[in-house]
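2 protein chains.
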Amino acid sequence: MENNVLKIGIIGLGVVGTGVVKALSKFDNIKILKAAVRNKNKKREIDVQYITDDPFEIANDPEIDVVVEVAGGVDPCLDVLKTAIKNKKHIVTANKELLAKFGDEIFSLANENNVTVLYEAAVAGGIPIIGPIKTTLRGNEFNKVMGILNGTTNYILTKMEEDGVSYLECLKDAQKLGYAEADPTNDVEGFDTMFKIAILSNIVFHKKIDYKKIYREGITKITQDDIKCAKELGYKIKLIGLAQKLENDELDIRVHPVLVEENSMLAKISNAINTVQLEGAPVGSVMFTGPGAGEGPTASSVVGDILAIAAEISYTDTILPSTRVKTDVQAKQADILNTKNSYFLAINAQNARGTIGTIGSVCAENNINLQSILQKGIKEDNTALIVVITETSYEKDIQNAVKKLNEQNIKVTNLIRVI
Amino acid sequence: MENNVLKIGIIGLGVVGTGVVKALSKFDNIKILKAAVRNKNKKREIDVQYITDDPFEIANDPEIDVVVEVAGGVDPCLDVLKTAIKNKKHIVTANKELLAKFGDEIFSLANENNVTVLYEAAVAGGIPIIGPIKTTLRGNEFNKVMGILNGTTNYILTKMEEDGVSYLECLKDAQKLGYAEADPTNDVEGFDTMFKIAILSNIVFHKKIDYKKIYREGITKITQDDIKCAKELGYKIKLIGLAQKLENDELDIRVHPVLVEENSMLAKISNAINTVQLEGAPVGSVMFTGPGAGEGPTASSVVGDILAIAAEISYTDTILPSTRVKTDVQAKQADILNTKNSYFLAINAQNARGTIGTIGSVCAENNINLQSILQKGIKEDNTALIVVITETSYEKDIQNAVKKLNEQNIKVTNLIRVI
Numbered sequence: 001m002e003n004n005v006l007k008i009g010i011i012g013l014g015v016v017g018t019g020v021v022k023a024l025s026k027f028d029n030i031k032i033l034k035a036a037v038r039n040k041n042k043k044r045e046i047d048v049q050y051i052t053d054d055p056f057e058i059a060n061d062p063e064i065d066v067v068v069e070v071a072g073g074v075d076p077c078l079d080v081l082k083t084a085i086k087n088k089k090h091i092v093t094a095n096k097e098l099l100a101k102f103g104d105e106i107f108s109l110a111n112e113n114n115v116t117v118l119y120e121a122a123v124a125g126g127i128p129i130i131g132p133i134k135t136t137l138r139g140n141e142f143n144k145v146m147g148i149l150n151g152t153t154n155y156i157l158t159k160m161e162e163d164g165v166s167y168l169e170c171l172k173d174a175q176k177l178g179y180a181e182a183d184p185t186n187d188v189e190g191f192d193t194m195f196k197i198a199i200l201s202n203i204v205f206h207k208k209i210d211y212k213k214i215y216r217e218g219i220t221k222i223t224q225d226d227i228k229c230a231k232e233l234g235y236k237i238k239l240i241g242l243a244q245k246l247e248n249d250e251l252d253i254r255v256h257p258v259l260v261e262e263n264s265m266l267a268k269i270s271n272a273i274n275t276v277q278l279e280g281a282p283v284g285s286v287m288f289t290g291p292g293a294g295e296g297p298t299a300s301s302v303v304g305d306i307l308a309i310a311a312e313i314s315y316t317d318t319i320l321p322s323t324r325v326k327t328d329v330q331a332k333q334a335d336i337l338n339t340k341n342s343y344f345l346a347i348n349a350q351n352a353r354g355t356i357g358t359i360g361s362v363c364a365e366n367n368i369n370l371q372s373i374l375q376k377g378i379k380e381d382n383t384a385l386i387v388v389i390t391e392t393s394y395e396k397d398i399q400n401a402v403k404k405l406n407e408q409n410i411k412v413t414n415l416i417r418v419i
Numbered sequence: 420m421e422n423n424v425l426k427i428g429i430i431g432l433g434v435v436g437t438g439v440v441k442a443l444s445k446f447d448n449i450k451i452l453k454a455a456v457r458n459k460n461k462k463r464e465i466d467v468q469y470i471t472d473d474p475f476e477i478a479n480d481p482e483i484d485v486v487v488e489v490a491g492g493v494d495p496c497l498d499v500l501k502t503a504i505k506n507k508k509h510i511v512t513a514n515k516e517l518l519a520k521f522g523d524e525i526f527s528l529a530n531e532n533n534v535t536v537l538y539e540a541a542v543a544g545g546i547p548i549i550g551p552i553k554t555t556l557r558g559n560e561f562n563k564v565m566g567i568l569n570g571t572t573n574y575i576l577t578k579m580e581e582d583g584v585s586y587l588e589c590l591k592d593a594q595k596l597g598y599a600e601a602d603p604t605n606d607v608e609g610f611d612t613m614f615k616i617a618i619l620s621n622i623v624f625h626k627k628i629d630y631k632k633i634y635r636e637g638i639t640k641i642t643q644d645d646i647k648c649a650k651e652l653g654y655k656i657k658l659i660g661l662a663q664k665l666e667n668d669e670l671d672i673r674v675h676p677v678l679v680e681e682n683s684m685l686a687k688i689s690n691a692i693n694t695v696q697l698e699g700a701p702v703g704s705v706m707f708t709g710p711g712a713g714e715g716p717t718a719s720s721v722v723g724d725i726l727a728i729a730a731e732i733s734y735t736d737t738i739l740p741s742t743r744v745k746t747d748v749q750a751k752q753a754d755i756l757n758t759k760n761s762y763f764l765a766i767n768a769q770n771a772r773g774t775i776g777t778i779g780s781v782c783a784e785n786n787i788n789l790q791s792i793l794q795k796g797i798k799e800d801n802t803a804l805i806v807v808i809t810e811t812s813y814e815k816d817i818q819n820a821v822k823k824l825n826e827q828n829i830k831v832t833n834l835i836r837v838i
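If you read the protein sequences in the order shown, they are chains A and B. Residue 1 is where the first sequence starts when you use my numbering, and the numbers rise one by one after that. Residue 420 is where the second sequence starts when you use my numbering, and the numbers rise one by one after that.
One or more of the hints may lead you astray.
[Claimed, not checked] In silico DSSO-like cross-links for lysine-lysine, where the CA-CA straight-line distance does not exceed 30 Å: (1) B/687 / A/144; (2) A/144 / A/207; (3) A/22 / B/627.
Source of the hints: derived by calculation from the structure; they are not laboratory data. This structure is a prediction, so every number in the text was calculated from the model and none was measured.
Can you build the whole structure from these sequences, using the hints too?
Shown next as structure tokens:
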């Protein structure tokens, strides 16, 4: 770092990269030397002095102090960042997929090379969450972290509830507005939330997390019937990422839709807003809410990380959150079948006498107590929609009960966990 | 710092001090050498190796690296901390009154002596807020910070709403539960919130704040009628601290009750919970929620600050949030009369024909448009309760209108701002 000016190379000049360049313009002690993009000839609203289409040119440039990666995806980012780290460059990245899949490798390499990797923007966009967990809240033992971590799916669920239209119509609407991609799989099937809860679990519990062992369910099966019945019972439906410590010290990490009480704080998180709740001792429960994506919010977190590195290197000021918590301990991750939850079941049954009785006895045989049961009239095809909310039960018991009910032609059309 | 062990002297072993001692016990690299208390002979549930009743013994002890002050109040804490700073000790404090009144003096002295003063616990208890503003969110220009910053008053307002009983009864209940002190002035008249919003304004806007210029109103005048009428119109009443940048670059800083829409996030903050909302660019709006006081939450923030100092001094790890933003610029603070708000007026009037007409014309003469008006029947004494909500108007206009109405025997019994 010459003359107290931090020299940056940025990989990616999309929405987020553009926001970062704009937000950095007011800081005299930070200079963007180079940007790497896919298409060098594209017209851009911002001015960067040198643009290349080869990201390794940045990773190998001896003048650059910090590589800022806001391109996303594993290929070529993994190789580019590893090269940059070997060249003793600090890293700021917003790449949740890369960190969830290759975090251990990247952080080991960074420790060997004595450089810092910061990634506040990788989880919950503009919300400060990685920093507070590592600094202000560092004296705590956490037992739970839970959040609405994906703006696209929260937007779709909010629209389904407000406009009363189907998942597919809301998805199209989200795609038109730019909230969802042409191939929405990463968001709607819960992959994005899975990467984020993997990263959060790592820093909250100080354990290595195998993202492939995380139970994952998206929102594509949620119907208008689910949303209306949930509402009638006083609930809304949200997609959450959850990680909690079980009594046997296993970590229960999962991504799936849940019912949340309509009067809860979680139910108020609408549209593309994100939230993260932490529970630990001695602090108790704290909640962080804000914009989970977009140019400004993501740039805010990326710039915070860059300023932290600038401050730490120059020693003019000292504000640096540490790199990822170092740990060699692999987490024991719980099987979803061994977890306990309350459940909402949507059931479609022939309007035969005794159906409700059968539901009750199948549940009882499987150690499941019922909390509410609601029959929603008889349809034209002589079937009835019945919704059930159970008390806290084992997942394996509820899966058994669902199987038994289906065998008796009492079709469980949806199962959603309740928190 | 010998053998990589940070040596602590703690001033105050009340609820918070006890929590700090407990929470530090699991950290091998931190040792509490001495504690100063008022009564040395009191039985305590925790074990500290040396207890004194002279806090200067800690400030002057050459072995101590960090003085942790959780006693509260200006006297003797100001002199003790100044002595400690001159002796090159770092400071961690939860003392909002001291920082709001003497922050400039303390931070100047700390800069001269090259020591750090951290104070995460001084605002909003266990909620990380000072750290995130100074680190993750540091690239932002903020235009507003607002919060429910006092648990006692929020508890009282919640009880008034839930139980339908008077302010005084709820205060007694809060005193019985230990949520309010025997002399509740500091909380219920808004002084505590004023100190906290002064500290937040300083770090959010990078300006010196004169706490004596902050407009302050407590909750002692809030009646059941206010709460019921607010509810009927779709609002709840909360005590907030607010600081925002005006167009003329003045800061509008104030503490008073407000009406908040019952469906808003703010309305969900019940009992002793605190919340802080920040608005800035590029991040947008973020909100931090959690326990605002108590042994565990306050200890969490104090311990976070101690660990930050331990990490920074030892250079084994680097996580330190900086000291207070240095600035020599005094804020221009706006007069409440020049601010704009929407208003809720509770009016008691003789049941004379034309009263509503008079209210309307007095408001119109003072440039005030009405949004809602609600007459709540006729009482036995032939007076009527009328509530009015105005559109956004100047405070000076509303104050003039209130004066004019009172002169015509239309008594404005309460005025509460609406957000």
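A quick look at each hint next to the structure:
1. Among the hinted pairs, residue 687 of chain B with residue 144 of chain A is consistent with the structure: their alpha-carbon atoms are about 22 Å apart, no more than 30 Å.
2. Among the hinted pairs, residue 144 of chain A with residue 207 of chain A is consistent with the structure: their alpha-carbon atoms are about 14 Å apart, no more than 30 Å.
3. Distance check on the hinted pair: residue 22 of chain A and residue 627 of chain B sit about 28 Å apart at the alpha-carbon level, within 30 Å; holds.
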